[in-house]
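Enquirer: Each chain, letter by letter, is given below.
There are 2 protein chains.
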Amino acid sequence: MTSVQAAGRTVFFVSDGTGITAETLGTSVLAQFDSLKFRHRRLPFIDSPDKADEAKAVIEEQGRVDGKPPLVFSTLVNSTIGARIRLAKAVHLDLFATFVEPLERELGVKSNHTIGRFHNATDSEAYKNRIEAINFSLAHDDGQATSNLDQADVILIGVSRSGKTPTSLYLSMQYGLKVANYPLIPEDFERDAMPSAIRPHMEKLFGLTIDPIRLSDIRNERRPGSRYATLENCRYEVGAAETMMRREGVHWLSTTTKSIEEIATTILNTLALAR
Amino acid sequence: MTSVQAAGRTVFFVSDGTGITAETLGTSVLAQFDSLKFRHRRLPFIDSPDKADEAKAVIEEQGRVDGKPPLVFSTLVNSTIGARIRLAKAVHLDLFATFVEPLERELGVKSNHTIGRFHNATDSEAYKNRIEAINFSLAHDDGQATSNLDQADVILIGVSRSGKTPTSLYLSMQYGLKVANYPLIPEDFERDAMPSAIRPHMEKLFGLTIDPIRLSDIRNERRPGSRYATLENCRYEVGAAETMMRREGVHWLSTTTKSIEEIATTILNTLALAR
Numbered sequence: 021m022t023s024v025q026a027a028g029r030t031v032f033f034v035s036d037g038t039g040i041t042a043e044t045l046g047t048s049v050l051a052q053f054d055s056l057k058f059r060h061r062r063l064p065f066i067d068s069p070d071k072a073d074e075a076k077a078v079i080e081e082q083g084r085v086d087g088k089p090p091l092v093f094s095t096l097v098n099s100t101i102g103a104r105i106r107l108a109k110a111v112h113l114d115l116f117a118t119f120v121e122p123l124e125r126e127l128g129v130k131s132n133h134t135i136g137r138f139h140n141a142t143d144s145e146a147y148k149n150r151i152e153a154i155n156f157s158l159a160h161d162d163g164q165a166t167s168n169l170d171q172a173d174v175i176l177i178g179v180s181r182s183g184k185t186p187t188s189l190y191l192s193m194q195y196g197l198k199v200a201n202y203p204l205i206p207e208d209f210e211r212d213a214m215p216s217a218i219r220p221h222m223e224k225l226f227g228l229t230i231d232p233i234r235l236s237d238i239r240n241e242r243r244p245g246s247r248y249a250t251l252e253n254c255r256y257e258v259g260a261a262e263t264m265m266r267r268e269g270v271h272w273l274s275t276t277t278k279s280i281e282e283i284a285t286t287i288l289n290t291l292a293l294a295r
Numbered sequence: 021m022t023s024v025q026a027a028g029r030t031v032f033f034v035s036d037g038t039g040i041t042a043e044t045l046g047t048s049v050l051a052q053f054d055s056l057k058f059r060h061r062r063l064p065f066i067d068s069p070d071k072a073d074e075a076k077a078v079i080e081e082q083g084r085v086d087g088k089p090p091l092v093f094s095t096l097v098n099s100t101i102g103a104r105i106r107l108a109k110a111v112h113l114d115l116f117a118t119f120v121e122p123l124e125r126e127l128g129v130k131s132n133h134t135i136g137r138f139h140n141a142t143d144s145e146a147y148k149n150r151i152e153a154i155n156f157s158l159a160h161d162d163g164q165a166t167s168n169l170d171q172a173d174v175i176l177i178g179v180s181r182s183g184k185t186p187t188s189l190y191l192s193m194q195y196g197l198k199v200a201n202y203p204l205i206p207e208d209f210e211r212d213a214m215p216s217a218i219r220p221h222m223e224k225l226f227g228l229t230i231d232p233i234r235l236s237d238i239r240n241e242r243r244p245g246s247r248y249a250t251l252e253n254c255r256y257e258v259g260a261a262e263t264m265m266r267r268e269g270v271h272w273l274s275t276t277t278k279s280i281e282e283i284a285t286t287i288l289n290t291l292a293l294a295r
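Protein chains in written order, with the working numbering: chain D, 21 to 295; chain F, 21 to 295.
These are computed hints drawn from the structure, not numbers from a lab. Any given hint might turn out to be false.
[Claimed, not checked] Listed next, the in silico DSS-like pairs over lysine-lysine satisfying Cα-Cα at most 27 Å (straight line):
1) F/88 / D/130
2) D/57 / F/148
3) F/130 / D/57
4) F/57 / D/130
5) F/57 / D/148
6) D/88 / F/130
7) D/109 / F/130
Between the sequences and the hints, there should be enough to build the whole structure, so can you do that?
Expert: Dropping the structure here:
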């Protein structure tokens, strides 16, 4: 924690844990100031007074180099450690002090001032489910395995390179869902029928589609100049897939301008509404 | 957005985007009150006054059913929409109002009050890198591909079932890093040498190890009663792997009690320090 870089303003994400919460919030907040550039520095696992003092020194030294006080987004459960960090000359945005204290009053209970609340995270049922979900999604990527599809929470379908794999992995990693994905291929369009392996699971299907121009770009990066990547073929596959999904009453969305997070959230929302 | 469930207190995560930031922060804050149970409800994509009014009605109806005002964590860039949501009888924890306004004063600039700031997220270089990183990590899972290891940002090593795959996918998904993973197997220990495919890339290696008792449990779930899963064999493999990593000067950590996020953060931190 000793290296220091020059120029601009620095934002620190300080936590007794991973700092992911502080960084997620801080990044969203700073996205509202997109005319400014910030240097991001993560200071995770600050879980002792000594580490707090070391972090304070790093923050102050950076402020001297920058000539501007750093921004410090922090999630520190222990109030002693929080107090030491706040001694640093900086703009402090303390997530827990800001929200936990008002909630203690509202809820009429004290919060648990424990450090390392994630420890033994691996013992929990939720953790096991998550690992199991990731393994399931990997094993059922791209139609690799058609066994155990009855255990799937969701089965994503769509043409090759429509975004099925990253979406499947994101849903299993973040939400512990078992997500299979199954490609729709020209043979399915010629037969004009959903692949037989997924027919028994129509209520679990969710379709991904994509603008043919973008699909052609993506496929050309992988297999340049192939027939598979031509705009003509992409138009045909996307059109046929959309026609089939529409006819079969499958919920679907276009991934063209959406981030993985937006796609995943839309799927969760649609399935919750549908059930 | 019309179904309502009974009893307990409800926490809403309301956003004009996915609601992931609101949910990440809200979940961390509420983890400080682990004696209480909350029902979580996500209201994403609230990006018009009509949807805001609909969300307000859902929140109020839930409050009536619960007999307690819901908690509402929100990230709403548009202040008109925020104001409509705040009319709901609830405990409002408004992340942007709380942090963006003080930052406008500190930074001396106005924030951009745009809705849908994530749109065309897929056009950005960062997005392409992320998808490429996920594909790389998938292709280089479990030593499947040994080509292009020079393009890897990190190569995770460790015995089978030490946590390499979920960690690789998490690092690529969340940080856009190209992460290969390579198993250390009994043949490597008999030869008493690192696998030849990864020897040219020693500076990229990071090792994962695990408590042999836990490893035996995990392996027994997959291959019950196998020699592979015996505590004796797990002790041998873990001991041999740790000896080899220590001798070769590879950074490593034990995944036994750590979440995927903690493992990933530790790796990022160690590599940043080492470089």
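Enquirer: It remains to establish, for every hint, whether it holds in the given structure.
Expert: How the hints compare with the structure:
no., hint, verdict
1, F/88 / D/130, "18 Å, holds"
2, D/57 / F/148, "21 Å, holds"
3, F/130 / D/57, "14 Å, holds"
4, F/57 / D/130, "14 Å, holds"
5, F/57 / D/148, "21 Å, holds"
6, D/88 / F/130, "18 Å, holds"
7, D/109 / F/130, "23 Å, holds"
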